[in-house]
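Peer 1: Next come the chains, spelled out residue by residue.
There are 4 protein chains.
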Amino acid sequence: MSQIKKRVSAAVFTPNRLEVLTDGVFAIVMTLLVLEISVPEIAQPLLQAELPRRLLELWPKLYSYVLSFIVLGLLWNLHHRSFHSIKRCDSALVWLNIVFLMFIALIPFSTSLLGNYGTEQLSMVIYTSNVLLALVMRLIIWTYATSKNRLVDSDISRRWVKVDKLISIGYSPVFLLVIGISFINVIAAFSILVLLLVIAIVMQLITRRLYQ
Amino acid sequence: MSQIKKRVSAAVFTPNRLEVLTDGVFAIVMTLLVLEISVPEIAQPLLQAELPRRLLELWPKLYSYVLSFIVLGLLWNLHHRSFHSIKRCDSALVWLNIVFLMFIALIPFSTSLLGNYGTEQLSMVIYTSNVLLALVMRLIIWTYATSKNRLVDSDISRRWVKVDKLISIGYSPVFLLVIGISFINVIAAFSILVLLLVIAIVMQLITRRLYQ
Amino acid sequence: MSQIKKRVSAAVFTPNRLEVLTDGVFAIVMTLLVLEISVPEIAQPLLQAELPRRLLELWPKLYSYVLSFIVLGLLWNLHHRSFHSIKRCDSALVWLNIVFLMFIALIPFSTSLLGNYGTEQLSMVIYTSNVLLALVMRLIIWTYATSKNRLVDSDISRRWVKVDKLISIGYSPVFLLVIGISFINVIAAFSILVLLLVIAIVMQLITRRLYQ
Amino acid sequence: MSQIKKRVSAAVFTPNRLEVLTDGVFAIVMTLLVLEISVPEIAQPLLQAELPRRLLELWPKLYSYVLSFIVLGLLWNLHHRSFHSIKRCDSALVWLNIVFLMFIALIPFSTSLLGNYGTEQLSMVIYTSNVLLALVMRLIIWTYATSKNRLVDSDISRRWVKVDKLISIGYSPVFLLVIGISFINVIAAFSILVLLLVIAIVMQLITRRLYQ
Numbered sequence: 002m003s004q005i006k007k008r009v010s011a012a013v014f015t016p017n018r019l020e021v022l023t024d025g026v027f028a029i030v031m032t033l034l035v036l037e038i039s040v041p042e043i044a045q046p047l048l049q050a051e052l053p054r055r056l057l058e059l060w061p062k063l064y065s066y067v068l069s070f071i072v073l074g075l076l077w078n079l080h081h082r083s084f085h086s087i088k089r090c091d092s093a094l095v096w097l098n099i100v101f102l103m104f105i106a107l108i109p110f111s112t113s114l115l116g117n118y119g120t121e122q123l124s125m126v127i128y129t130s131n132v133l134l135a136l137v138m139r140l141i142i143w144t145y146a147t148s149k150n151r152l153v154d155s156d157i158s159r160r161w162v163k164v165d166k167l168i169s170i171g172y173s174p175v176f177l178l179v180i181g182i183s184f185i186n187v188i189a190a191f192s193i194l195v196l197l198l199v200i201a202i203v204m205q206l207i208t209r210r211l212y213q
Numbered sequence: 002m003s004q005i006k007k008r009v010s011a012a013v014f015t016p017n018r019l020e021v022l023t024d025g026v027f028a029i030v031m032t033l034l035v036l037e038i039s040v041p042e043i044a045q046p047l048l049q050a051e052l053p054r055r056l057l058e059l060w061p062k063l064y065s066y067v068l069s070f071i072v073l074g075l076l077w078n079l080h081h082r083s084f085h086s087i088k089r090c091d092s093a094l095v096w097l098n099i100v101f102l103m104f105i106a107l108i109p110f111s112t113s114l115l116g117n118y119g120t121e122q123l124s125m126v127i128y129t130s131n132v133l134l135a136l137v138m139r140l141i142i143w144t145y146a147t148s149k150n151r152l153v154d155s156d157i158s159r160r161w162v163k164v165d166k167l168i169s170i171g172y173s174p175v176f177l178l179v180i181g182i183s184f185i186n187v188i189a190a191f192s193i194l195v196l197l198l199v200i201a202i203v204m205q206l207i208t209r210r211l212y213q
Numbered sequence: 002m003s004q005i006k007k008r009v010s011a012a013v014f015t016p017n018r019l020e021v022l023t024d025g026v027f028a029i030v031m032t033l034l035v036l037e038i039s040v041p042e043i044a045q046p047l048l049q050a051e052l053p054r055r056l057l058e059l060w061p062k063l064y065s066y067v068l069s070f071i072v073l074g075l076l077w078n079l080h081h082r083s084f085h086s087i088k089r090c091d092s093a094l095v096w097l098n099i100v101f102l103m104f105i106a107l108i109p110f111s112t113s114l115l116g117n118y119g120t121e122q123l124s125m126v127i128y129t130s131n132v133l134l135a136l137v138m139r140l141i142i143w144t145y146a147t148s149k150n151r152l153v154d155s156d157i158s159r160r161w162v163k164v165d166k167l168i169s170i171g172y173s174p175v176f177l178l179v180i181g182i183s184f185i186n187v188i189a190a191f192s193i194l195v196l197l198l199v200i201a202i203v204m205q206l207i208t209r210r211l212y213q
Numbered sequence: 002m003s004q005i006k007k008r009v010s011a012a013v014f015t016p017n018r019l020e021v022l023t024d025g026v027f028a029i030v031m032t033l034l035v036l037e038i039s040v041p042e043i044a045q046p047l048l049q050a051e052l053p054r055r056l057l058e059l060w061p062k063l064y065s066y067v068l069s070f071i072v073l074g075l076l077w078n079l080h081h082r083s084f085h086s087i088k089r090c091d092s093a094l095v096w097l098n099i100v101f102l103m104f105i106a107l108i109p110f111s112t113s114l115l116g117n118y119g120t121e122q123l124s125m126v127i128y129t130s131n132v133l134l135a136l137v138m139r140l141i142i143w144t145y146a147t148s149k150n151r152l153v154d155s156d157i158s159r160r161w162v163k164v165d166k167l168i169s170i171g172y173s174p175v176f177l178l179v180i181g182i183s184f185i186n187v188i189a190a191f192s193i194l195v196l197l198l199v200i201a202i203v204m205q206l207i208t209r210r211l212y213q
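Chains as they are written, first to last, in this note's numbering: chain Y, 2 to 213; chain D, 2 to 213; chain L, 2 to 213; chain C, 2 to 213.
So that you can see chain Y by itself, here it is in the shape it has in the complex (with noise of 0.2 Å):
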């Protein structure tokens, strides 16, 4: 009887409205970054010969779109995984969400950042260290909700939760050294993150299939 009813309130407290609130935060934060893509304004009569230089110019812009939107994938698959293992909801996990939230939602103040000044140096390192908190805070969830099966159902792979982490701890030296090689050359700094998102993703395909 304790049983079903441990088993009642797992159910009851779940962190259903923390991804509710998640991935709107996401989908909004997706959204937004397209709005940093306004389209020029050309008088009428100079308009058939600038509208394609003028949209050419665009491109900085479109690339750090799609950058984004690619790490803000990155982050939003991450949780999804974390919170698919997640069963149960305490103040603590919502209050670490809500900073881990907090990091997504300035992701499109460093995208505009990137897009209008991507060759300075000190762009680079705001825009990486932001996705670096956020991957911090990600992994500070998933090792509080982790251990001693906190918030997770006690069947759970422990081999998992153990890969899971190492990854997570991998990213930090990684980005550290995307913003120490910023320092010496900002177009290989760039050139590593890139790298490493495309790595992440890779990653995340084959980690999957080891789950499950």
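Bear in mind the hints are in silico, worked out from the structure with no lab data behind them. Among these hints, one or two may not hold up.
Because identical chains cannot be distinguished in the list, a pair is counted as satisfied if it fits within a single copy or across any two copies.
[Unchecked claim] Straight-line distance between alpha carbons at most 35 Å, and here's what the computed DSBU-like set of lysine-lysine pairs gives:
1. 88 to 149
2. 88 to 166
3. 163 to 149
4. 62 to 163
Mind docking chains D, L and C on chain Y? Use the hints.
Peer 2: Chains D, L and C only, in chain Y's frame:
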């Protein structure tokens, strides 16, 4: 027992949150479209005389608002119908869906381009390509999920899967034709696009009935 | 067995995602309204003297903010109550609902018009028409879903369906009257509109009790 | 049998959509806050020299961003906890919740005021009043739902209901005190507000444990 376990796991790894994220992006994109139609600024003494004329000038923006709303309705319904059959979720589906959302979130930009410079052939090509790319992504999602019943129930109607695929594949040459015609006559291309959307909506109303 | 199958299929083809999409659009429209009320820009030396006066000047915008929020609350609650009874979903319902959302998403524009040029008769006509069109769409949705119990449970209270329809039909002439009066006196029309909303809210509070 | 029917009806008339609407509004408000922090426009030749200084100038906006994010987190968690116990929904609850959302959706305006003119006493009064009004609405919702177990389960812990109410009632005089102090010293009032938020978060972490 293995059967039961499989079912339970399938029930757990639902694409539910992917749907919430997608609905969120669609809802925001639909609502952001209205921001294009800004209330004209008129000085108080001229107000009564100027307001009707200035509001009438907004009609190309209202026109592209309605057009994009219908396009988004069409795409949302296609997604909705695919995911009615998609019961499981893996990382590849998440990433395909994120690329799909990337093209959906670009629609306010393309719409703004069309609302501002609708008579330009370049605006027409960008807008049509944007919608076409979203349709292609949706076709890829549907093909990936249904091939070998990867993420759909085994009792899914194969005939429906085929009909759905054929319709989606049929869109591409027609959209490419619209882009081709726009090189000759923008207004004609635009009219064909609108006609195409009407046909697509009628088709949705008919095929759903076939399916049920 | 056929009974069971029917039930299962009904459970599957729920209007659940349509509700999420609708809630998303309402949430965004409600929140976008506040963007109309922008903080005045005042130079530092004049700040203390100017700020109170400049904030007071915002009151027509605050007024239309509260008005539109209540209108949206009313429309959301109407939708919420309809969909409490609507258990199944077909393509026609999706498209009727998308047209409904098209009018909902226009409300920030109409509100902005009212907030800027509230004393103009044209603003009043556009705002009232926008709300009326949303109400009419909701009536069409309700009529479509309930006629021959198409998308509702067979044990639905026919009396409630009728009461609900009568109330909705009742709105139209009153709104048309408001538009008519606005040709004579804008302030009078506006006051009647506000009175109407108060009556509508009271009616919602009463009829829910009748229904339960 | 009557017992079962009651339960079924309670299950049906859930406040589920009200929660989705609320989560949507919170998610959007949280994300809109970042739009206040706009990337400075700097001419290319001055870029490297100006960017760090101009970004540092944004700190009051970043500060009010973090503050409002925490305030929204606090209010969301309060709503989340109330609605964990609220199992049924009626029109009065819908309307109380819509008024609650009206104050939530105003927070980007108040935050913008604070971010622009944070040293002005008037900004402080408006911001604090906005948060206080949201808290009061939440207290009214909680009182309405729990009195005579109107919308909550009959096995709800009466002790928790009382503790929750006492905490909420306790907020009001403290917020009024903050407003009072702001007439003497704005910085002192601001510091007390921040301290208050920290205490509120700690309280949430503690009371949840008491309740479980």
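Peer 1: Now look at each hint and say whether the structure bears it out.
Peer 2: These are the hints, each one checked on the structure:
no., hint, result
1, 88 to 149, "both (14 Å within a copy, 31 Å between copies)"
2, 88 to 166, "both (18 Å within a copy, 28 Å between copies)"
3, 163 to 149, "both (13 Å within a copy, 32 Å between copies)"
4, 62 to 163, "neither (38 Å within a copy, 39 Å between copies)"
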